[in-house]
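J.: As they're listed, the protein sequences go chains A and B.
Residue numbers for the first sequence follow our numbering, so the first one is 1 and each next one is one higher.
Residue numbers for the second sequence follow our numbering, so the first one is 141 and each next one is one higher.
It is worth saying that the hints were derived from the structure and are not from the lab.
The reader is advised that the hints may include incorrect statements.
What the hints assert, rightly or not - DSS-like cross-link-like pairs, simulated, lysine-lysine; straight-line CA separation at most 25 Å:
(1) B:Lys217 to B:Lys201
(2) B:Lys217 to A:Lys46
(3) A:Lys46 to B:Lys268
(4) B:Lys268 to B:Lys201
To be verified - To be clear about the criterion: a stretch of chain A counts as covered by chain B if any three or more of its residues have a C-beta under 8 Å from a C-beta of chain B, and this derived list gives those stretches:
(5) 72-79
(6) 84-96
Don't be surprised by glycine CBs; every beta carbon is placed ideally from N, CA and C.
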Amino acid sequence: MTIVNFTPWTAVLGGSLLGFSALVLLLVSGRIAGISGILAGFLGPKAGDWLWRALFIAGLMVGAALAFTLGWVTVPSLTAPTPVLLLAGLLVGMGAKLGNGCTSGHGICGMGRLSRRSIAATLTFMATGFITVFVLRHLL
Amino acid sequence: MRWIALLCGSLFGLGLALSGMLDPAKVQGFLDISGQWDPSLALVMGSALAVFMPGYFWWVKPRRQSLDGSAFHLSTKQQLEPSLLLGAGLFGIGWGLVGVCPGPAVAMLVTGQASVFWFVAALLIGIKLVCVWQDWQQRQLMAQGS
Chain A
1 MTIVNFTPWT AVLGGSLLGF SALVLLLVSG RIAGISGILA GFLGPKAGDW LWRALFIAGL
61 MVGAALAFTL GWVTVPSLTA PTPVLLLAGL LVGMGAKLGN GCTSGHGICG MGRLSRRSIA
121 ATLTFMATGF ITVFVLRHLL
Chain B
141 MRWIALLCGS LFGLGLALSG MLDPAKVQGF LDISGQWDPS LALVMGSALA VFMPGYFWWV
201 KPRRQSLDGS AFHLSTKQQL EPSLLLGAGL FGIGWGLVGV CPGPAVAMLV TGQASVFWFV
261 AALLIGIKLV CVWQDWQQRQ LMAQGS
């Protein structure tokens, strides 16, 4: 193993913002900043439960657009064959719904509350993520 | 207090962008632990936790309701059911395949790349499929119970 492309300062700055945003959302409105959960509720909205989700989702794009237009971050590109994108998207969506959360809900909010379910889920998706990339890059 | 969702969403999107986590190559670089490893994601998650965790235990946990008067929507489940671990396992496979999870996928929609639209479309279909399946299962259980 060799360490490459490590960007510690921007990682700490960006990560702190993620934690701050999740904390403020929970403290002020009682909601968890779990993106897959927000999307799931957005798809099957109950009365009065739709607007905050739409606003958070819009905000994600506003924040990214701000960083791109101010030139703080270069626009990354997602390049993979379409069938792989579709398979990956399907797995991520089904997995997040079935597993009650994703990197944000389990990895930040749940682990931050020391929830054993979130710790178990985070360790599990990290493990299968490591295995998947190992197979992709070193076996195939 | 709806504006808080827009504000927090924007801060979250900005945080994702600044942290480098919108770049699928950086995420896959983190997951490539046995090769050329980029530890940045660990530091992103670590610093997010370093801010969220003390704030949660000091300010959120002692309160009975949030500042706007609504209840805290927190899971009280303790059990590690098979579906939790199966779901997380599948999630990690999809995450590793292209290096994208739901937050970055939604934020990246703003770049207008067709690849991002395909991923997000499949992501939403995946969520919906499991919702439909879970609703169906729930109805079966109710039917058996009555």
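J.: Against each hint, give a clear statement of whether it holds in the structure.
T.: Hint check results:
1. This hinted pair checks out: Lys217 of chain B and Lys201 of chain B have alpha carbons roughly 16 Å apart, not beyond 25 Å.
2. Between Lys217 of chain B and Lys46 of chain A the CA atoms are separated by roughly 22 Å; this keeps the pair inside 25 Å, and the hint holds.
3. In summary, the hint linking Lys46 of chain A to Lys268 of chain B is supported, as the alpha carbons are separated by about 15 Å, within the 25 Å threshold.
4. Simply put, Lys268 of chain B and Lys201 of chain B have alpha-carbon atoms about 32 Å apart, too far for the 25 Å limit, and the pair is violated.
5. Coverage of a stretch by a chain is defined here by at least three residues with a beta carbon nearer than 8 Å to that chain's beta carbons; for the region 72-79 of chain A and chain B the count is 7, and the condition holds.
6. Note: the region 84-96 of chain A has 13 residues with beta-carbon separation from chain B under 8 Å; the three-residue rule is met and the coverage holds.
When held up to the earlier numbered hints, the structure conflicts with hint 4 and nothing else.
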